[in-house]
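In case you want the letters, here they are:
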Amino acid sequence: MSNATQTTNKPSVMDFLTRPAVKWVLGALLVGFLALLPMLNLSIPGVLPGATYTPGTLQLLAFTMLIAGLALSYHLIFGVAGLLSFGHALYFAAGAYGLGIVLRRFEMELIPAIVITLVVGLLIAGVVGAVSLRVTGIGFAMVTLAFAQAGSVLVRRNADWTGGDEGLALDTTHIPDELVGVLNTRNLYWVCLAVLVLVFLVTSWFEKSRAGHVVAATRENELRVRVIGIRPYFVKLLTFIVAGVLATIVGMAYLLLQSSATQKIITADFTLTLLVIVVLGGVGYRWGAVIGGVVYTLLDQRLTVLAGSEAIAGLPDFLRIPLSEPLFILGTLFILVVLFLPGGIAGLAKRVTRGRSNVRAERDVLEEVV
Amino acid sequence: MSTIVLLLITGLGLGALYFLVASGLSLIYGLMDVLNFAHGSFLTLGAFAGWEFARRFGADSWGTFLLSLLVGAAVGAIFAVLTELLLIRKLYERLIEQVLVTVGLALATVALFEGIWGQDPIYLTAPAWMGGQTNVLGASIPNDRFLYIAAAVIVLIAIVLFLKFTRFGLIIRAGVENRSMVTALGIDVRSAFTLVFAIGGAAAGIGGVLASHYNGYVSPYIGGSLLIFAFIVTVIGGLGSLSGAAIASAVVAVLQQFANYHWGIGDLVVVLLLAAVLLLRPSGLLGSKA
Amino acid sequence: MNAPAPSDSILTVRNLSAKVAGQQVVEDVSFDVPATGVTALLGRNGVGKTSTIKGILGLIERKGELTFAGERIERLRTHKIVQRGIGYVPEDREVFSKLSVAENLRLAERTSKPRRELVDNLFPDLVERAAQKAGTLSGGQQQMLSLGRALINENRLLLVDEPTKGLAPIIVSQVADALAEAAKTVPILLVEQNLQVVRQLAEDVIVLDGGRVVYTGKAKTLLDDETLIHRFLGVSGGDSHPAPSVASATSAQEERA
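Protein chains in written order, with my numbering: chain A, 1 to 370; chain B, 1 to 290; chain C, 1 to 257.
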């Protein structure tokens, strides 16, 4: 596990910082700091659109945290269980659309509506997981993709329930006033922060639980898990459901934050974006998924601003066209990461701090998927 | 009766497009285990290349149309070969990373196409006959559907003849079955990798030009929307099986047309069919690999 | 550490280690294959014989020094190694079942002058069934096809892995005769469980146990010594020999995977 202790004899700052207790304290401090951000006047020019107390910046930060949370839930399936799902967007969309529909159609209070949506997300993840885990490898990828496509078709076809192409606007009748309107963005920001923390804690807990160990062992060597008398199917299904429910929770927060759900959150491309984020951050690293989500969202946002800037408009075509397409740059970046940096950002950080290259092991983690 | 004939033939026309995409996907997966997400981009670039060519040389003439198919095939093949040589080959035997690279390439190239040609559909013109209709057993069939079917059949026959009667074809067929044994016979199987990408890219390029006529426009997204169905067809037919891909293309598209006509749920039926086939026969209709 | 290879060996293996699915199945194996005759590679199930052969060919991840006909080959890709003049008859035949018999042979031809006549004479059965799909052949016929694929080229070494496994006695002797015929012109490294066949064909033996070489010498010396056979191969002597360990059983499973 810790190469550092074997290769460097003297205790370093890094060793101290990576002790579990220290890590949790640092994490708590970070969360505390993030919670204070709406009260502070901090500016990071080029990264954030304005000072940290402004609604625009808070909105972006909250959105970033939700994407990070969603990426964490995908990390459970892809990084921990080693299952290549192409349909994770479905559970996120179930949260966003589910809550939106329950609020609008059944005129419920927020809390019962959330509970109902959670149950719906749980059921969908349970059914889809139970069916798709019966096949492995590419077959699994295809069945999950197919179910997500089915969801996408349902959303498109039932426009009177889902708003179709227009998207589904949040019905604020039963939403507490504190969570509505630009002036209350800071409250939504705190909700999103809480959701991210919740997802992170559940993910950590799950990974450290017996089920988490078994599913990770299954990824490495399914045969050996079978030999000790455990049926990998149920552990995988449990992981699939936990990840699905977490995605549903993030999806509900997304609806509250964005005030609407649109079809793009249920497309295959959206799941692919999650895959990109997790790989970018580092497959198998919990905080890698978080960092990947943050980096990806901020890059996407900044590149979009950059694309519209005059500096770009003045360039010759062969530079202007690629540079004005954020997804082109992100896609290219992703390819480069896969080719040259298989551990992603987290792997790179580990290599820098531990001073030891282990590209091979990182590649092996990747190849255990499917 | 006429409705049935209409749905059947238009379904086969759509199936022809599926097959042009799925044939390459299936060969590539069969030989290399690579699920190629960039295949839609081969198709889209082929479509744009065909359109760029046709609009310069008179889009309503037959000569230009046929040449635009060749242009689409050539561009698709070149793009595919470059993809294999520059990206896939670097990750030899690294299956997940190969898939990830094709995902990245698909995202990046669609964005690039948006940058070059814009996000909006560009409507195109075709030889007048393609806009007409022919009466078959009382059903008025749009003429272009016959063209798609003919193109797919020609491509199918060409690939089958190639696989059957050339040494490279022999290597590909053997490689689909047992790649490592092919290398153990002293054959550099990687040349076959490049070749299946070339074949798949060419078929997708032709498919792209035809799909743009089917839709009536080119756009950066035509590849992606066909790709999902092509994946489904490939899996239903059995990954690596060319005849499986051909049969599944026809079955899926015809079924889709009928379901769309009667209940308006064609897409859903396809998805359910996929789930059902995978659960009953995980290796697909004609597949031998799981 | 590296003893100089005798000049009369076609293949020298030094410190070969190989992994299958991350598990060490061959460890620090060194031996020589003489330039003439049949050398048998023996050992109980799962001791790494097949992995040794696959390691030589680069079909699995391996480390070590491999010298074939005076040339170092451990850095070459499998197809390059085979092109140097090695014929491979894998365990379980591995014929291409969807290809016809003729196509299987045609695929194996590495030069413009394949030795079709030789193969046709050795295995007349295959001539009759040239158009038949290899998957429809009997086990014995598939084995002949697999041998034919190796013999159709002029090789400098054959690697033959358990050619008689699961075959009827009459077929076993046919296969053994074919190998004896082939051995007149080309050296063979043979993995074989059937000691009868080993006695008929092999001059030298190498015995592996637990992924290591435990014995090398003349075949006759080993085969005439009941205690040696018992100790290394555990094929006779009732139940006094230890049961195969769990570790070797696992690696046997993975070897086949």
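Keep in mind the hints are simulated off the structure, nothing from the lab. As the structure is a prediction and not an experimental result, all values here were calculated from the model. Some hints here could point you the wrong way.
[To be verified] Label-pair ranges, simulated between beta-carbon atoms:
#1 A/D317 to B/V5: 46 to 56 Å
#2 C/E117 to B/V5: 33 to 43 Å
#3 A/D177 to B/E52: 34 to 44 Å
#4 C/T111 to A/L306: 57 to 67 Å
[As the list claims (entries may be wrong)] Distance condition first, Cα-Cα at most 25 Å in a straight line; then the derived DSS-like pairs of lysine-lysine:
#5 C/K80 to B/K90
#6 C/K63 to B/K90
#7 C/K80 to C/K133
#8 B/K90 to C/K19
#9 C/K133 to C/K63
#10 B/K164 to C/K113
#11 C/K80 to C/K165
#12 C/K113 to C/K19
#13 B/K164 to C/K133
#14 C/K98 to B/K164
Ideal Cβ positions, reconstructed from N, Cα and C, are used throughout, including at glycine.
Hints versus structure:
| no. | hint | result |
| --- | --- | --- |
| 1 | A/D317 to B/V5: 46 to 56 Å | 49 Å, holds |
| 2 | C/E117 to B/V5: 33 to 43 Å | 58 Å, violated |
| 3 | A/D177 to B/E52: 34 to 44 Å | 56 Å, violated |
| 4 | C/T111 to A/L306: 57 to 67 Å | 60 Å, holds |
| 5 | C/K80 to B/K90 | 19 Å, holds |
| 6 | C/K63 to B/K90 | 22 Å, holds |
| 7 | C/K80 to C/K133 | 28 Å, violated |
| 8 | B/K90 to C/K19 | 22 Å, holds |
| 9 | C/K133 to C/K63 | 38 Å, violated |
| 10 | B/K164 to C/K113 | 22 Å, holds |
| 11 | C/K80 to C/K165 | 28 Å, violated |
| 12 | C/K113 to C/K19 | 37 Å, violated |
| 13 | B/K164 to C/K133 | 14 Å, holds |
| 14 | C/K98 to B/K164 | 12 Å, holds |
Against the hints set out earlier in the document, violations occur for numbers 2, 3, 7, 9, 11, 12.
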